[in-house]
Amino acid sequence: MATDGKTAIEVRGLAKRFGDVQAVAGVNFDVSEGELFGFLGPNGAGKSTTIYMLTGLARLDAGTIRIAGIDCSKNPKAAQHLMGVVPDESNLYPELTGFENLCFCGSLYGMSKPDREARTRDLLDRFGLADAAGRKFAGYSKGMKRKLTIAAGIIHSPPILFLDEPTSGIDVASARQIRQLIADLNAGGTTIFLTTHYIEEAERLCRRIAFIVKGRIVRTDTVEDLMRQTDGRHVVQFAVSNGAAGLCEAIAAGFPNLQCQAVSDGAVRVESSEQVRIGPLVRLIEDRGAEVAEARKVRPSLEDVFVRITGIEATAMKQEKAKMGGGA
Amino acid sequence: MKAWIAFWNILAKDMRTYYLKPPNISWGLIFPLAWTGMFFIRSGAGLDSVPSLLPGVMAVSVLFGTTSLLSVTVTFEKKGRSFERLLLAPIPLELLMLAKTSGAILFGVANAFVPVVMAAFLTDLSGVAWGSLIPAIVLIAVSSTFLGLFIAVSVSEVFEAQTFSNFFRFPMLFLCGLFFPIEKLPALLRPLSYALPLTYGADVLHASIRGAGHMPLALDFGLLAAFCAVLFALSLRNIRRKWIA
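Top line first, the protein sequences correspond to chains A and B. If you read the first sequence in numbering that gives the first Met the number 0, its first letter stands for residue 0, the second for the next number, and so on. If you read the second sequence in numbering that gives the first Met the number 0, its first letter stands for residue 0, the second for the next number, and so on.
This is chain B alone, in the form it adopts within the complex (with noise of 0.2 Å):
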């Protein structure tokens, strides 16, 4: 009960301090339209091509408001030593960061919707399978979010967590078959395409919003939840290795 009191304060400080300021909410509405007006125009297919951009402006919104954030709060914090005040609460690590990396994961789902709500203005969303959209949108924001958090554990200045995470982001992004499907790729492409969690993501995206999926629904979740459980594990041992050394 006492470590769910601290779980629940810092979810809560850190929804205040940084998620719910107005230039990260005003940044999280912008960038989610920004993409989608841009593609929407370069598709030059009127309305028919929402459906079909849809789950990639989703999956940009999540993983760049996802990333973008948790890996600069947790950065800021660390250089600030304010984190270590974290670290000396007597609650057990793996609590410690789930409590931290939850409102990224919120901040994500939150971002995914935005397109959502504008697209349902514009396109006839009641074939979308939301059983399926709505998880795997989840598991995106929480495999970004802890690959935010991986990015973070890995660098010690603010900047370096926005050049790092690009590094993941950009190859991500083109890589995982949002826009461009997978079997297109080069040959030489296509291994790392399936060594990416937004590869898996993405395909639930499609066969929930089109129902043009390449993979089983069980396969895309399953190793949808394995990144996650691998990138947390990883982030944790970093922390244990790096910042309590």
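So here's chain A without its partners, still in its complex pose (with noise of 0.2 Å):
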């Protein structure tokens, strides 16, 4: 989606403190009316604290937010009606049908009855879950839970969304559709802030991105001039049964110019700004006892971009993903 570069958003020294910890410290960013802007980070980073800020749902320490020109940093209420909001959690009510929830949560915004009504009919038809809409929404399934709490986020046609980690735990054919939700959003005239800890989502997804580590943001370009620092870089990766341990140590002693890094127990990745040629490697590794299941290049991704700018190593994402639940 072009913009046009109206600020949808513009934060300006956003901080915030719990106890000893200091969630977010001195947050810088704008986001263009029409952007779908991603901001990315491993769990704990401040994603979800700087949503809470942005939204009302948390008092800011220090710093300014605007939402639409309107300064809601004294006044969160004040930009409440510009704003669609998709928590981390799919948080609607267990004990009412999906109807009744997305009328419900159209009455919140002052809609009309006859208004809430077409509109739910209206989104349940277009998020699939037209036949499900006279279910509780205790009995829905996760996928199924996720889509009608960014339908709710919606019921009001607002013109900025914020997505706090839609695709966490659910199904990847759940994921795949709701990514596919949230482009539509977009192309419509959407402004999205998503936060997601899923590096190919918000590669595959948003046109800017910002990383946000230890509540800092470290750094925020676009998806296109962030991946041209992976211009020039070669990089091949080795499955490998039994004998994976210690392997990155010994390339690294064998081959000084390659930078090797374990993917998984059973997995390295080796990059060069050179060409990496794969028969000498093998072979040290099948001196090792290992066995070479599998060698292929591999095209540099923004989680190589990820890990060069944070320090954070793409296992640990990984790791939290799994935490999570998978999905992506």
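Note that these hints are calculated values from the structure, not bench results. Every value quoted in this text rests on a predicted model; they were computed, and no experiment measured them. Hints may be right or wrong, so weigh each one.
[To be verified] The list that follows gives simulated cross-link-like pairs (lysine to aspartate or glutamate, EDC-like), each with its CA atoms no further than 20 Å apart: (1) B:LYS78 / A:GLU94; (2) A:LYS135 / B:GLU76; (3) A:LYS5 / A:ASP19.
[Claimed, not checked] Some chain B residues flagged as far from chain A (calculated, every beta-carbon gap over 12 Å): (4) ALA11; (5) LEU87; (6) ILE90; (7) ARG168; (8) GLY210.
Glycine included, C-beta positions come from ideal geometry on N, C-alpha and C.
Both chains are sitting in their own frames, so use the hints and assemble them into the complex.
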């Protein structure tokens, strides 16, 4: 979605402390109208706290927030009518049906009964939930709950949508469907502020991304500019059975010009600014008694950029992903 | 107008999902019935005792009905994070919390009239001053509901809400003059009685049903209203401090 240059969200010097923990430490960024902006970082980086402050669910210790030009720093309610919020947990009412939940959420924004009922029917159709409209939310699957929660966030057609980990903990098919819905919403003109710790998701959906680590933004850039950092880099990934332990140290010792990183228990990734010659590496691995099941050249990804900029190992993000229940 | 659409729908949803649920309706009926029966049998004075028991049973029904349900429902929604939906709605917090408490207030008022309807079959209620009784019941329901809100904001678990409610409810019942006259309480406890909203509600109920009030009605109503305002303001302050932290 092309942006029109007007600022939808303007954040300056945003800070928040919980006891001894500085959750957000002087964060600055702008999001243009119609942009899909990604806020990427590991768990505990300050993503949700930032969304809480932007939407009025948490007070700021310092800084200013402007939503569509409205200063919300002192009065968080001032711009709530302009925003839709999809929290990281599906938090609709378990005892209400899908239809009742959406109608109720519409009423919270002052929509008249005919308007909210018509919009509810439209959204249930669009999100593929029309058949489950009369079922209680408590009986929905995780993916259905997530979709209905997103529908509840846009029931009043807000120009700005905050999405906190929208595909976390749901199955691959539902996650794919939700990503498509997000892309469609953005194509329709909605400004989207998306937090996620799924790097591939951010890469696929966002135009610009901010990396946040320990409450600080370490880099904000377009996906293209971030990916340009990988130009001229060559990466080969080896899948190894038995004997991957200590392999990176051995590679580093034998090939000082290569950077090696363990991706998982049975895989290592070798990176260099020059072409990586696979043969000598295979011989080294096999000399150590391990067996190479696969060796393939991979295109450097945003994950590699993230690792380089933040210093956070991709494995750490992957472990978080597993803890959250997969999904992406 | 838009804010009132939200107000009405929050109230309607709460009535439907919590207060008009069969278990709560039956609890709302059985609880006052059980208290009436217990005191009626305990007094041993036959039907003559009904007017003297009525204020106490009405107040107990309101107090327990409102504090139990409101503190539990708000804690439940807070824990399930559906309460965040309400906090994200573009309506003032004051109006939002009034909408959230209105269901409990109506439930409490309805509870209070269960023993009145029963008493109407057993004794002559023609001498009851309804003009003061009804506003007193409403104010007792409002103050009890706001006490429930204050409790809900102070705890994080549903079971804590129930335990913490009893911390307020039982001392209040025995110190407010409903069952034991305040002048017969130990001198040390008497000041505590006058720090409780139910003391002033009980006084109006005694005055309205038996003509036996101890304080001017205007003072009772004024102090009850003040308790309502203070409890509501304290709850809002705590919501802003703890839930929008």
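Against the structure, the hints come out as follows:
{"no.": "1", "hint": "B:LYS78 / A:GLU94", "verdict": "15 Å, holds"}
{"no.": "2", "hint": "A:LYS135 / B:GLU76", "verdict": "16 Å, holds"}
{"no.": "3", "hint": "A:LYS5 / A:ASP19", "verdict": "37 Å, violated"}
{"no.": "4", "hint": "ALA11", "verdict": "9 Å, violated"}
{"no.": "5", "hint": "LEU87", "verdict": "5 Å, violated"}
{"no.": "6", "hint": "ILE90", "verdict": "7 Å, violated"}
{"no.": "7", "hint": "ARG168", "verdict": "27 Å, holds"}
{"no.": "8", "hint": "GLY210", "verdict": "46 Å, holds"}
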